[in-house]
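Here is what each chain is made of, one letter per residue.
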Amino acid sequence: MRDLLAGPPRVISVGLELFATTLVSLQVPALHVDWRPPGDGDPRLAGLLAELSDDYAAPGKPDH
Amino acid sequence: MPVWNFVWRSAYHDSLTLMRLTHDMEAVPGVERAAAMMATPQNRALLADAGLLAEGGADTAPADLLIAVAAADEAAARGAEAAALAALRPRPAESRPGLPGATRRRPRTLASALRALPDASLALISVPGLYAAAEAMKALRAGLHVMLFSDNVPVEAEIELKRLALSRGLFVMGPDCGTALIDGVPLGFANAVPRGRIGIAAASGTGLQEVSTLVARHGEGISHGIGVGGRDLSDAVGGLMMSRALALLAEDPATEVICVIGKPPGPAVAARLTREVERLGKPCVMHFVGSGSGSLEECARAAVARARKKGAPATEFTLPASEVDRLVADAGRGLGPAPRYVRGVYAGGTLAWEARAILAAALPDVAPDVTGGAGANRVVDLGEDMFTVGRPHPMIDGTVRREWIARETADPGTAVLLLDVILGYGAHPDPAGELIPALERAREQRRGLAIVASVVGTETDPQGRAAQVAKLAARGVIVMPSNAQAARLATRLARATSA
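As they're listed, the protein sequences go chains P and D. To get this note's numbering, take the position in the first sequence, counting from 1, and add 732. To get this note's numbering, take the position in the second sequence, counting from 1, and add 1488.
Extracted from the complex, chain D is given alone in its bound form (with noise of 0.2 angstroms):
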């Protein structure tokens, strides 16, 4: 399908912004897909392996927007340019976030924000990976500690960025940090999860809220839920903010159990780390997602436990035996003929790898990573670069995920559908809702297709758990308790088929 470029000289926005537009230009007649970008060379590079730079590419600058266009023919294109143009029409003036007696008209640096919020403790950093740095050192200058959300920042800077807040009693959480609580704030992509005793240091952010929500379940609550982001951990950056955060846990009079999760530390970084837990004096409890033993749900369980100075004895599903027995009964009764496998079809990047990890423990021929690429069993993270050029991130927008569910169940060799469904501030206010369309039409191409998922979250976050698993399961969907029980059904659905 021919492709067009439009560009739009200096013209700013964000990227939210970026997929209102997206998704206005896409459902123009004739438009095949669309993305609206900043000029970058990096953003340039993703267009141009999307196929949808133009031939010879536009002349552009990083503070262009750039337009892209896969459409049947010219006339859609336009279409879809002037409907880029509709979306972005100035609103009539609206209010604007801010506290009472603070200028209303909108600060456009960091020093004229912190004229008017003078006593502000922390800069959320959420802009353009190229420019995050800069601005997360600006912060850190004016005495702020910082919450790096964006990715994309080169681990040179992350580890100047982190030298320099420890040398000014400051801290830095990430790069590529998506969830954060402190004292009961959620910043980014975090639940509504109770107060409590247990203090979490996760260089994850899906695993945070896995974690977080898993605990408010068992009854308990967060004191602080630190991100250090997933790069902390490596023995380039050595860990310096995780081995801070434990600092800060251990001195923090409201946090009695302290919990680590991330991926697999360096080797240098994992010894550190022992020795500084040993020395806590505090309960600690840590999970690595994809190390081979426990999971995010026993790493909840096991801090609860600790908080209650009680034993938390290892268990695969938390639902009686029985009942599983007859999940599995159910369910393997509608599937077809082999050969059957497993296909999940993830937003949260953590979750996408702990359930990676469970079905490698227990199926042949599962894909190595979680890009949807070559094994019969897999995983696929949405959340990934590659999937979300110009488009809505997963959590945000279901476009891409439904694409890839109908694409898994086109594929005769789908058994077993897997899904995460992440609530919480900042992500779609009905996920469960947004999915369904594609999981109906899925089930009505391939009867008996079994479709497991798990619900990330809380009944105070404002999408309401309860509500989304029932939604779900109206719709004939198993609903497990964690990521880690759903993929561990979804495990044996495809054991009990092949048998």
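Bound-form chain P, shown alone (with noise of 0.2 angstroms):
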């Protein structure tokens, strides 16, 4: 991990493919993820999801 003003930012971006999309268009590495909402759209869900941070403890997950 680099500090938040150690060199130009590497981006990924979650939300709006705008962002994204001005930031490859200036030639910054960025990648817009195409997000849906967890837990079928409950957010107390998507924080419990999101507490058990699967998407980290199982990194070859396969996307779905």
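Careful: at least some of the hints might be erroneous.
Claimed, not checked - Here are the computed distance ranges between Cβ atoms for each label pair:
id, chain 1, residue 1, chain 2, residue 2, range
1, D, ALA1826, P, ALA738, 52 to 62 angstroms
2, P, ALA738, D, ALA1533, 37 to 47 angstroms
3, P, ALA738, D, LEU1573, 14 to 24 angstroms
4, P, ALA738, D, ALA1850, 43 to 53 angstroms
5, D, GLY1952, P, ALA738, 24 to 34 angstroms
6, P, ALA738, D, GLY1518, 48 to 58 angstroms
FYI, nobody ran anything at the bench for these hints, they're computed from the structure. Even glycine gets a Cβ: it sits at the ideal position worked out from N, Cα and C.
Build the complex from these two chains, which are given one at a time in their own frames, with help from the hints.
Structure representation (structure tokens):
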């Protein structure tokens, strides 16, 4: 991990595609995540899923 | 007008897509108003407040898409639904943003994106507020700094995220952080400004835009513009990220002068900030919008002066006094009989508050907030949630602003219209151009109406500032060099004509 100001950011954009598109047009390394509400849209369940951080416990897990 | 609701089950779309849908639906003949929102309890409440929830309401889950249409008859409402469906029809395969060599299949989770971009350093999160804290938490746990563009994140979640970030040597910009400039990279709604020696720590998105573009216009540049989120300076959050931003800028070799902007901090944060600023070892200028004195422009000018080791005399106008007098005399001649009031119609929240403070210092009966409510002289911030129910933010689309301009023009008390026009990445490609039809109609209806504006941006912004200024000036709009000067000129016009 590096300091916030240690160099130009390399960005993962989660949400509005516009932001990733702008960065890529400026030659900034950026990737857009085609995000969908987790837990069938239930924010409480989404929070619990984030708590479990299953994304990182199983890095080889395929996209759902 | 009757209202129809249509529900599409488990159909998530981001807010910009939904804005496009709304736009297409409202173009259907017979449709007065339309909205497309994810059916979260909060959005349902917003739709109900806007009179767009059909009687009895539709049975929905948060992952459903709720289409609401106020229309003359059912045929028009069905036409709107069909327009929305057409707008969502998948387009042919198109090139996707990404790095050479990165997968063209779009990742659907942060974890899979990290596999495609393993040296990513920052997550820019703009999902709906209900889910934003969870995504930010995932990003921090993956070792990423976070810019949290989303609003409506509970303050408890903000505190938890910021404490976790600090414990891991990470940074959280936001929530509700619209703008940042990190090592020359514009994030969110930022402007194309040159690199330089002035570092900004801002609890205000449009405040950061105004100061960074004015610094650029005065010939200096920005090392970094760090957003901390509008609530960071509250005593509840305790300035957790402002303190960290100040420490980072103090250590940063490119930063020679530090500029702090935001709304007035809580008392405990104010006391701590004062102590921290004294220990920075670098010159620091601060401005808190609405705190009674100064302006964002004066803050920018003071930062430039400190960088050049010169003084920055306070001045109301950068134009010669004779030129200001001429503008007031020319515009004042056309104004009708009293009562004559200033009406600000804004896209930028901090700019709206700054204008309100300047009006309040010079004129009587100024509305106490920026909701467009009671007050003879008033400023409305149309970026507030209450005005953007299922509709585009006024920085992206001028529809709501055109409507509000028409509404204020219809009021016989309106003598001066006051506007901000915000350029930059993410903003509308021609924000002045899309306001002009409404401004021309206003001038036709109210001969002599004065229109005063400022244009926040630079020549290198995608829209080009000079071209935007010229478009407005060609229609008789008085374009001032800053928001503060525009508001001051508006008060001069109101006072001159009230005499």
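Do the hints match the structure? See the list:
For the hinted restraint 52 to 62 angstroms between ALA1826 of chain D and ALA738 of chain P, the CB-CB distance of approximately 59 angstroms keeps it satisfied. Between ALA738 of chain P and ALA1533 of chain D the Cβ separation comes to about 43 angstroms, which falls inside the hinted range of 37 to 47 angstroms. With their beta carbons about 47 angstroms apart, ALA738 of chain P and LEU1573 of chain D fall outside the hinted range of 14 to 24 angstroms. Hint check: ALA738 of chain P to ALA1850 of chain D, Cβ distance near 46 angstroms, so the stated range 43 to 53 angstroms holds.
Range check, GLY1952 of chain D to ALA738 of chain P: Cβ separation about 32 angstroms, and the 24 to 34 angstroms hint holds. The supplied range of 48 to 58 angstroms is met by ALA738 of chain P and GLY1518 of chain D, whose beta-carbon atoms lie about 56 angstroms from each other.
The structure does not agree with numbered hint 3 stated previously, though it agrees with all others.
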